[in-house]
Each structure stands twice: as structure tokens, then as C-alpha cells.
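Quick mapping for you: the protein sequence lines, in order, are chains A and B. Going by this note's numbering, 128 is the number at position 128 of the first sequence; the sequence numbering is gapless. Going by this note's numbering, 151 is the number at position 151 of the second sequence; the sequence numbering is gapless.
If you're looking for bench data, these hints aren't it; they were derived computationally from the structure. Since the model is a prediction, treat every value here as computed from it, not as a measurement. A portion of the hints provided could be inaccurate.
[Stated by the list, open to error] With a straight-line cut-off of 30 Å between C-alpha atoms, the simulated DSS-like cross-links for lysine-lysine are:
1. B/K146 x A/K95
2. A/K63 x B/K633
3. B/K23 x B/K83
4. B/K633 x B/K621
[Unchecked claim] Examples of chain B residues toward chain A, derived with CB under 10 Å:
5. V282
6. A423
7. A476
8. P530
9. R533
Every residue, glycine too, gets a C-beta built ideally from N, C-alpha and C.
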Amino acid sequence: MAEPEYDAALSVHRRLRAIAILAAAEECGLSPLRAQQVHAVAYFADALARVGDLRILDGFVLKESDGPRSPALQYEIDRLVGHGVLVATSVSHQKNSGGRWLIDADYALNEPLARPILEAASEFSSLLEELRFLREVVFAISSFGAFGIASASASDAAYGDRGVDFGSLVYVEGEGSEPNQTSQVALRIGGLLAPGVRLADAEKIHLYVRELGRRLVPVE
Amino acid sequence: MTAFPIFKKLSTAGYGLYPGTEKEPDLEVEFQPGLTLVLGANGLGKTTLVSLLYRMCTGPYELPKPVLEGGGELKGKRLQASKLMGGRRMVFADRVHDGAANATATLDFELGEAALSTERSLRNLELIRLECNGVEQAPREDSFQKLICERAEVNTFVDWILLLRHLTFYFEDRRSLVWDPSAQKQILHLLFLPRRKSSEVRESERDVRRLDSNMRNTQWAISSQESELATSEEAISVEGDTKKQFARLKREQERDQAKLNELNETIVEMTLARERAQLVAVKAAGSHESAVRNLERHQFTAIEHAFPSSSDTAKYLISQLIADNECLACGSRAPRAASTLEGRISAHRCVVCNSSVPTKKPKAASPRTIEKARKDLDKAAAQLDSADARRHEAEAEFDSQMATIEVLRSKVAERSSRIETVASHLPPGEVEVDEQRTELAAMRAQLETMKRDLAHRRQRLERLVQRTSQSIVDHADDVRNAFESYAQDFLFEDCRLIWSPRKEQVGETGAAIPFPAFELEIGGSDFDSPVRRDGPAQVSESQREFIDLSFRMALMQVAGVGSRGSVVIDAPESSLDAVFVNRAAEVLVRFASEPENRVVITSNLIEGNLIPKLLKLGGIKSESSDRVVDLLKVAAPTAATRKLGSAYAQVRKDLFKRAKAPR
Numbered sequence: 001m002a003e004p005e006y007d008a009a010l011s012v013h014r015r016l017r018a019i020a021i022l023a024a025a026e027e028c029g030l031s032p033l034r035a036q037q038v039h040a041v042a043y044f045a046d047a048l049a050r051v052g053d054l055r056i057l058d059g060f061v062l063k064e065s066d067g068p069r070s071p072a073l074q075y076e077i078d079r080l081v082g083h084g085v086l087v088a089t090s091v092s093h094q095k096n097s098g099g100r101w102l103i104d105a106d107y108a109l110n111e112p113l114a115r116p117i118l119e120a121a122s123e124f125s126s127l128l129e130e131l132r133f134l135r136e137v138v139f140a141i142s143s144f145g146a147f148g149i150a151s152a153s154a155s156d157a158a159y160g161d162r163g164v165d166f167g168s169l170v171y172v173e174g175e176g177s178e179p180n181q182t183s184q185v186a187l188r189i190g191g192l193l194a195p196g197v198r199l200a201d202a203e204k205i206h207l208y209v210r211e212l213g214r215r216l217v218p219v220e
Numbered sequence: 001m002t003a004f005p006i007f008k009k010l011s012t013a014g015y016g017l018y019p020g021t022e023k024e025p026d027l028e029v030e031f032q033p034g035l036t037l038v039l040g041a042n043g044l045g046k047t048t049l050v051s052l053l054y055r056m057c058t059g060p061y062e063l064p065k066p067v068l069e070g071g072g073e074l075k076g077k078r079l080q081a082s083k084l085m086g087g088r089r090m091v092f093a094d095r096v097h098d099g100a101a102n103a104t105a106t107l108d109f110e111l112g113e114a115a116l117s118t119e120r121s122l123r124n125l126e127l128i129r130l131e132c133n134g135v136e137q138a139p140r141e142d143s144f145q146k147l148i149c150e151r152a153e154v155n156t157f158v159d160w161i162l163l164l165r166h167l168t169f170y171f172e173d174r175r176s177l178v179w180d181p182s183a184q185k186q187i188l189h190l191l192f193l194p195r196r197k198s199s200e201v202r203e204s205e206r207d208v209r210r211l212d213s214n215m216r217n218t219q220w221a222i223s224s225q226e227s228e229l230a231t232s233e234e235a236i237s238v239e240g241d242t243k244k245q246f247a248r249l250k251r252e253q254e255r256d257q258a259k260l261n262e263l264n265e266t267i268v269e270m271t272l273a274r275e276r277a278q279l280v281a282v283k284a285a286g287s288h289e290s291a292v293r294n295l296e297r298h299q300f301t302a303i304e305h306a307f308p309s310s311s312d313t314a315k316y317l318i319s320q321l322i323a324d325n326e327c328l329a330c331g332s333r334a335p336r337a338a339s340t341l342e343g344r345i346s347a348h349r350c351v352v353c354n355s356s357v358p359t360k361k362p363k364a365a366s367p368r369t370i371e372k373a374r375k376d377l378d379k380a381a382a383q384l385d386s387a388d389a390r391r392h393e394a395e396a397e398f399d400s401q402m403a404t405i406e407v408l409r410s411k412v413a414e415r416s417s418r419i420e421t422v423a424s425h426l427p428p429g430e431v432e433v434d435e436q437r438t439e440l441a442a443m444r445a446q447l448e449t450m451k452r453d454l455a456h457r458r459q460r461l462e463r464l465v466q467r468t469s470q471s472i473v474d475h476a477d478d479v480r481n482a483f484e485s486y487a488q489d490f491l492f493e494d495c496r497l498i499w500s501p502r503k504e505q506v507g508e509t510g511a512a513i514p515f516p517a518f519e520l521e522i523g524g525s526d527f528d529s530p531v532r533r534d535g536p537a538q539v540s541e542s543q544r545e546f547i548d549l550s551f552r553m554a555l556m557q558v559a560g561v562g563s564r565g566s567v568v569i570d571a572p573e574s575s576l577d578a579v580f581v582n583r584a585a586e587v588l589v590r591f592a593s594e595p596e597n598r599v600v601i602t603s604n605l606i607e608g609n610l611i612p613k614l615l616k617l618g619g620i621k622s623e624s625s626d627r628v629v630d631l632l633k634v635a636a637p638t639a640a641t642r643k644l645g646s647a648y649a650q651v652r653k654d655l656f657k658r659a660k661a662p663r
């Protein structure tokens, strides 16, 4: 049987994204993040990637009522814990709504080991751009608060699309040359809310997330 | 909302197959709310009775042959109900010696608020009488069809026949709606869109197909015109390098264009295959992670007690090492270290330094549980490997096909401009050639207009389908819930409908458009979680029957006016094993017990539980109940029933006796 090719660059990229997400979470006072929150933010980073011209790391994700979760990203998070870059606390194993066992934990950066990685990445302009973009995504989403982050995907244009049922794939990479619905809305939203004004990527993200926030059902 | 027929009364007069008794001549069935059981033996006319009910609803009209026989997809064609000719109109006449010369049948039924009554000749199905709410109507087929369309709230009579065939009547030659995307698209549009909208989608789809076909014809005409022109040009000029080059380019272009068309036709299928492989792989990755985590959590519980400190990270690392033999710190495979650590845990020693740990009995899982979790993990890993390999294969195949298409497209485009350049260097021709060139230029201009028009209409259709699909999605949860409530009673496996719009290429060019559709996920003996089943061949025969029936009942419940409907099933026992019979009876009676629903079931007098169970659950207590149509009494006897009448009577008696017996 053909062994699937291991994409080393993709693996490093995923790890860097996890670190960047947790670094930004720390900056805005959200750290540590629960596993599902990390996955939700990582999903939004992919879903909004076309706004900032970022690489999409998970081209498609299974739609589940608990929100998006990437086994590949979780694998990299595990490795980061192994390397001591992340610290895991309150570790437990939970069954999700589909009856699958998942690991749950609070993840935070282990500063002394994580900081040099972020600094090394910042040496490259494209990665620096990406870190900034991820920071904006986390900052925007942080407005939902700790509980809102994990459930925000339910209102997202792509993940929350009622035309895609639970148990089906959400194509984060979009179809053909078209970006996914999330990026499409985020790219257009500036023109709708502030006609004639040229918006920066960060502003588009914030506007999109603000709209998302209006559609979120408040948690009792 | 759509109105489904609620059968009230069926009777025949002068029909030799159902002479009735001296006291009660002919056939007369009053369909009470709930279950009606038609009992008989081979040759007594059970299936004829079902056909009679059906023909009283359709008259001498049927779906067009290609659609009826399953080979032809609906594909938005303007379908006309085809009139039954010759022998096909004589189905009832052929069963009796007098050709049913004076025989008639009458059906009373409700459609929404309307009470309809029709009488037809059984000789040739001709309409004799038509009534709506007690008012006599002109007994003409067009009046009948118009009345039906208005009252059932459908656009065309073909729509009505489609609903009867796919929802009401459970014929032997049926196709399961879940696995027939073309019919499902049509039915979902019919049931959940206003009549005007469903007709607009169909018209718009038809428009696109027509234009697409015209465009391809024009393309073909241009191509042959170009060849003719080349020949004419060759004829009027001396041979030269330019001529030869022109002819060669034309040949190459034709060959590549044909190849490109061929490749384009396979793209929709390949996209579907790729998406399906991706879905399977993503689900396998989820199952694999679940298996790892399950094993890990057992180890984690054990480790928790063997630790001198409470470092979550260390426990995290070690449980992962023991569960998956992988060291998260360095990424190495380390089965030996895993086994050493596992040994320390079972000996109640510290996993890090091997010191003795004060014994606090861990609530660890039994070795058997752990062994099972390990086996599950091995199985999940094998499934993941296989799913990943298939996914990579499908993706590679798709990518390679797309790359080939891209290369061909740019080659064709590039060559096309070269052909024009070379053509412009050809020596000037005679008048005729000039005319040909002018004509060709006009055709090319026309083609461009057609392409623009087609693109515009295709875009319009896509937007329309997108909007209408949203309206259908509004009902998806209700359909899913109703389906699950029936299917769960039928089936032991987890079974659910997934809203999964299906991409279909409208015409032979352009991008595929996702049309509304449900797909099915069902568990299986060798799968941990429900998996998509693409066709009826992927489930057992009993499952297929139940899935189809559950889907029909769910659609009628959700989309029917007043959630009402009738189901007519001919001989369900043929595909049920002894265990499923009880479940089938329960679910059928449950549907029948919804207020005003009618369920008509025909069956031979057979041993087994089906009939007693139906009698019992359906509240049919005696052989003389008007919910039982006893064809042994009503129908003309066959040689077998004449000779073995008392044996049949005994079987019938026993079945009723068993229905009364306590469990």
C-alpha cells in the first residue's frame, strides 16, 4: 500500500500556527486555550486565509456539531507538548457528540522555548506577515470571550452554511479559483459596510468577525 | 405543500376477476384510516388490485419509457406523460375471458380539500365519470389531469405520476429514491418549492441544456465548415508549405478538441470520486485519533496514580508513548521504552525513576479492555492507511486529469490563433471561397454570442438553484428527523440522511451545479461509525427496502398537506427475513395510525409472523373485518384455490387465531 507522503514543511507550518495562536491568545489575556478553542481559531485562520493571502493548511474539514477539529493539527500540538514548547494542563479525555474520543486540555506557551521559535519565524517577511495576520484573527475572535470562540464557527459563512450537513466536508480551500464563503464575505464586507473606503486586511477581518458576533446566539 | 391521495373507496362492476359473492357481488373496498390488508393466493389478483388503484389515479398515461425503465435520467427534460397504446391499455381486459367489455371501476379519493371520484372502463381505461366535491366534471382526460394537478399542487401530470411511483406505490420495479439523484432532485423540488418556482428551475435548466446543445452543434458546424473551406482553398491554389501547414494544424486541432471533450465529460465523476475519498479519509483520521485517545485515556488513568508528582505534561507524554509507541519529545518510535514504562505502571512503581510508589490502587481498565482498545487502534490505523492511500490516488488522478485538460486547452487555444494566422496567409480564393469565409466568420460570431448567452443563463440557473436549495434546506431537519424515527424502528444500525447537494453537469460544457439531494449514512458490521453508501448495492436487501420506505414516509409526513398520505405495498414479505417482519409490521402500522393515513398491504396467505403481527397491531380482530379484503372470497377462484380451498381457509383461520393469541 502506498505510504502517504509526509509533508515536513506542512508539519512545521502547523506547529508554527499553533504557537502563534497561543502567543496571540496570551497577548489578549485569553491564555490558556482549550483544545477546541485552538482548533476553532486555526479553522478561522484557514477560512480567512485568502484575505491575507495565507497558505491554507487544512483544505477541508469535517463538519461536526462540536465545531471544527483537525486531527493533523492535534498531532502537531501533541508534539509541541512533547518538545516542551507548549504546556498542557487539565488534561482529560472526552467523547464528542459523534461518539469519538478526543483529548482535551488547556494549552499555553512555554515562553522560554516558544519565544525563540517566534523570533526565528519573524526573520522571514512572509512568516512575519502571517504571524501578524494570525494575531489579528485571534484578537478579533477574542471579542467572543472564552466560551464564544469554540462556538463561533456555527455562525461562520462556510462552516455554518446550512447547505453543508454535519458529517460532510467543508471545503475551506473553496472551489476552483473561488475562495470559500468566509473569505468571500470578508473580502466584500468592506465594500458593503464602508463603501469607497479601502480597508486593510486586519480591518476586513475585524469587520467580518463583528458581523459574525451579531449572528451568534448569546450563551446563557 | 403537496397533496397525496387519500384512498376512500375502490369498487368494480362486472369485472370477471372479482365476481364477489352472491350476497355482495363485485369488489368493494372501503379504505378506513389505518391499515387495509388484501389477502389472497397466487393468481387471485392481488397485484392486479394494486395496479387498478394506480391506474385509477393515472388513467391510460405513464412516465415516458426511458424514465420508467430506469435508463433515462430526467435531466430537466420537458417530460410528457406518454399515452398507453394497444396492449398496455388492455392490462385488465386481458385477465378476463370477456375482455372486460362492460366492466368498470370506481375510485373515490381525497386530494387535499377535494373529494374526487372517477369511473373508468376496465376494457380500455377510458374515463366514464369524473366528480369533484360532488360536482360532475366533463369526463375527459385533459379535465381529469388538470383537476389532479390543481388539487395535488403539482405542475404537470408527469409530476403526479412521479409522486405516485416514488412515494405512494411501492412497486416491484421501483428505484430507491435515496440513490436516484435525478428523481430525488425532481421530487424535492416538487415537494418543497412553490409550483411556480419548481417550474422556473426546470425551465431554466432546460434552457441551459438547449443552448448548450445548440452551441455544440454550431461548434460542430463551424468545424466542418472549416474543413470544407480548407479543401476549397486547397483546390484553388497551388500546393505550398502554408497549405500543408494549415491542413496539418486543422487535423491536430480536431484531434485535440475531441480528446478535450472526452476528458471534460469525465470531470464531474472524478470530482465526486475525489470528494468521496477525501470524506472517507477525514473520517478515518477522526476514528484513528479517537482510537488513540481511547487507549491513551486508559493508560492515563493508570499513570495518574503511578506518578509521584502531578505534572500533566509528563503524563501526557508518557500516555502517548505507551498508547502509540511514539516519543513526543524526539519523534522516535520507542516500543521498548513503552513496554518498560507499562511494566513499571503495572508493578506500581514510578514511571520516571522506577521507585516504589505507595500503593493506591488505580482505577485502571482491565487488561482485556486495554487489549480491545489496542486492537481497535490497529484496525483504525489500517483503515486510515487505506483511506489515505485511496484519497491520494483519487487526488492524484484528478490533478493529473486537470493538468492534462489545462495543457490541452492552452494547446488548442494557441493553435487556434496559429490557424487564423496561417489562414490569413493563404492565397486569395475564388468567389465561392470568399463566401465560405464570410459565412464562417458569421458562424463564429454567432457562436460567441451563444457562448455569452449560455454563460449568462447558466449563471442564472446556478443562482436560482442556490436560492431554491435554501428553501428546501429549511425542511431538511424535519425530513431527517422523520426518516430517523422510521428507520431506527426498522434497522438495527445507525442510519441517517445527510443533506448533500449533488453536482450535476447541465449540458456537456460548463461547471457542474449542485442540486438538492440527500445521501445516506449507515453503520455496518465492519465500520465503527456510519459511512456513506453510494448505491443500493452497498446495503443488504432488507436494509434497502426499509431505507426506501422510511424515506417515502418521511417525505409524505413533512411535505404532505396535513402530513397525510397513503402507501400501497404489494407483497412485502418477499424481502423480509423472520426477524425483520415484526419491525416492519410495527413501523407500517405506526405510519398507518397517523390520523387519516392509509396503508394498503397485499399478501399471500403465508406462514410466518407478518400477517398475524399486522392484524394484531392494526386492530383487525375478525376475518369479516372491513379492513380485510379476502380475495379467496371476492376473486374468481384459480384451479389451486378450488382444489385446496379448505386448506387455504384453515391457514387463514390459523393466522387470525395467532393474531389473537397473547405473545
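Hint B/A423 vs chain A: min CB-CB distance below 10 Å? violated, 33 Å
Measuring from the C-beta of B/P530 to each C-beta in chain A, is the shortest one below 10 Å? holds, 8 Å
Should the hint that B/A476 touches chain A count as held when the rule is a Cβ pair under 10 Å? Holds, about 7 Å.
Between the alpha carbons of B/K633 and B/K621, is the straight-line distance 30 Å or under? holds, 18 Å
A/K63 and B/K633 were given as a pair; does the straight-line alpha-carbon distance stay at or below 30 Å? violated, 58 Å
If you take the shortest Cβ to Cβ gap from B/V282 to chain A, is it below 10 Å? B/V282 check passes; min Cβ-Cβ to chain A is 5 Å, inside 10 Å.
Checking one constraint from the list: CA of B/K23 to CA of B/K83, max 30 Å. Satisfied? Violated - the C-alpha atoms of B/K83 and B/K23 are around 38 Å apart, more than 30 Å.
B/R533 was flagged as interface toward chain A. Is the shortest Cβ-Cβ separation under 10 Å? At 13 Å from the nearest chain A Cβ, B/R533 fails the 10 Å test, so the hint is violated.
Checking one constraint from the list: CA of B/K146 to CA of A/K95, max 30 Å. Satisfied? violated, 56 Å
Of the numbered hints listed earlier, those contradicted by the structure are 1, 2, 3, 6 and 9.
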